[in-house]
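Participant: Can you make the complete structure from the sequences, with help from the hints?
Residue strings, one per chain:
Number of protein chains: 2
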Amino acid sequence: LAVTPKIEVSEQVRVRGDTRSELIAATSALMIEHDSVDISLSEIAGRARSNVALVRYYFGNKDGLLIALLERDVRGAIEALERLIATEASALSKMQHHVSGLLRTYHRHPYLNRLVRSVIRDSPPERAKKLAQDLVGPICKFYEALIDQGVSEGSFRKVDPMLMYFSAVGACDQLFSARGVLKALFDVDEVDDDLRRRFIDHTVALLTQGVIAPGTIPSSRI
Amino acid sequence: LAVTPKIEVSEQVRVRGDTRSELIAATSALMIEHDSVDISLSEIAGRARSNVALVRYYFGNKDGLLIALLERDVRGAIEALERLIATEASALSKMQHHVSGLLRTYHRHPYLNRLVRSVIRDSPPERAKKLAQDLVGPICKFYEALIDQGVSEGSFRKVDPMLMYFSAVGACDQLFSARGVLKALFDVDEVDDDLRRRFIDHTVALLTQGVIAPGTIPSSRI
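Residue numbers (my numbering), protein chains in the order written: chain S, -11 to 210; chain H, -11 to 210.
If you're looking for bench data, these hints aren't it; they were derived computationally from the structure.
Keep in mind that a hint or two might mislead.
As the list claims (entries may be wrong) - Some chain H residues judged to face chain S by a derived CB distance under 7 angstroms, without partners named:
no. : residue
1   : Tyr46
2   : Arg92
3   : Val124
4   : Leu163
5   : Phe187
What the hints assert, rightly or not - Calculated cross-link-like contacts (lysine-lysine; reagent style BS3-like; alpha-carbon spacing at most 25 angstroms):
no. : chain 1 : residue 1 : chain 2 : residue 2
6   : S       : Lys117    : S       : Lys129
7   : S       : Lys129    : S       : Lys146
8   : H       : Lys118    : S       : Lys118
9   : H       : Lys129    : S       : Lys117
In this text, a Cβ means the ideal position worked out from N, Cα and C, and glycines have one as well.
Facilitator: Shown next, in the form of structure tokens:
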């Protein structure tokens, strides 16, 4: 009698945990497949072999599910940023590592930037502010610290961190947000490892060279 | 008897022309207001004081209306690109003018890049290809010619034109695609003339300096 409930509880926890993660994973997979962040709850529930009532149970509503997906996707990236800014590396080297990391994040989660934008846009003002601070704030703080460091090291021009945030995110995101254009115009079906590698090299060089102070020579590879 | 039909035809043409343009203008205005390219036909028809049947009459379907809007918005930009590439200016100067022009286009039509992507994504393959060639092809051809010219002048690094297209469009578009983030995180309500001017200076400097060959010094202002 003592054993049976234990197993039941443990299985229930496992199943619950799985269902929650599976709903998040299904949302992510469908956004990649449809190249869109507009996916219906019923499609998500169907893909996860679950139902809409369980979405409400775990996440409250669709918004809660989308935010849980965002938190899953950005958590590692934010932690990596915080570690990177605290290292002893030069601003140029930090910039190169950051751009490379951002591109790898978008390659894994090509919907990420569009989802951040649409969730913030569709939230009431106070909630939008909190979400923006949690999801986008860390990368903006990173640019502030990075540009300060680079300017004081003499390797960066004095660039506006807010404008740099929009430039860098846009330059990194577009290849992953425009899969239809990539296919229709360049006949490229997917961003494979070779294209990803070339795009990382290209973007790291473009953005790093774009911010350096006159006379600074960036190392050619990270 | 000869006079009356003349007036009727002329009025009919005027009214038809107006309704068609008004439907396009209403679509554009609603996309700016909602910061989204997902607008329903009934909302568009309501804003234009028209009806859904007239949308079908003038454009066949919603897709036809969206493509007419895209054609309206990009026509001038494509003509300007074709004039620019044919001038005697240096590649660096062409790059600066082009980036500045692209930013002005996105400032006027902040939904433009998102609409191009979604219309191409949602079209069947053959139609998507044709649309991509018409709407995006000219800017890609511009980059090919520009980079060739810059490399042969010795002022540009050898940059991949396809990758440069994605970088430049993304870097220019993001500020105008992320109005919610701009408001929630930076408390900026709109891209006013001052911010637009600063973003143009910033982006022209970033992208131009990003592609130049070692030792080249770009002129600081266009």
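Participant: Take the shortest C-beta to C-beta distance between H:Phe187 and chain S; is it under 7 angstroms?
Facilitator: holds, 6 angstroms
Participant: Can you verify the interface hint for H:Val124: is its Cβ closer than 7 angstroms to any Cβ in chain S?
Facilitator: holds, 5 angstroms
Participant: Within 25 angstroms, alpha carbon to alpha carbon, are S:Lys129 and S:Lys146?
Facilitator: Measuring from Cα to Cα gives roughly 16 angstroms; hence the hint holds.
Participant: Within a Cα-Cα threshold of 25 angstroms, do H:Lys118 and S:Lys118 meet the stated pairing?
Facilitator: Outside the cut-off at roughly 43 angstroms; violated.
Participant: Does S:Lys129 sit within 25 angstroms of S:Lys117, going by the straight-line distance between their CA atoms?
Facilitator: holds, 15 angstroms
Participant: Can we keep the H:Arg92 interface hint, with Cβ of chain S closer than 7 angstroms?
Facilitator: violated, 16 angstroms
Participant: For the pair supplied as a hint, H:Lys129 and S:Lys117, is the alpha-carbon distance within the 25 angstroms limit?
Facilitator: violated, 41 angstroms
Participant: Does H:Tyr46 pass the interface hint, meaning its C-beta sits closer than 7 angstroms to a C-beta of chain S?
Facilitator: The hint is violated - H:Tyr46 has no Cβ within 7 angstroms of chain S, the shortest such distance being about 26 angstroms.
Participant: Quick check on the hint: H:Leu163 CB to chain S CB, less than 7 angstroms?
Facilitator: Constraint on H:Leu163 satisfied, holds at 4 angstroms.
In terms of the numbered hints stated before, the structure departs from hints 1, 2, 8, 9, listed from lowest to highest.
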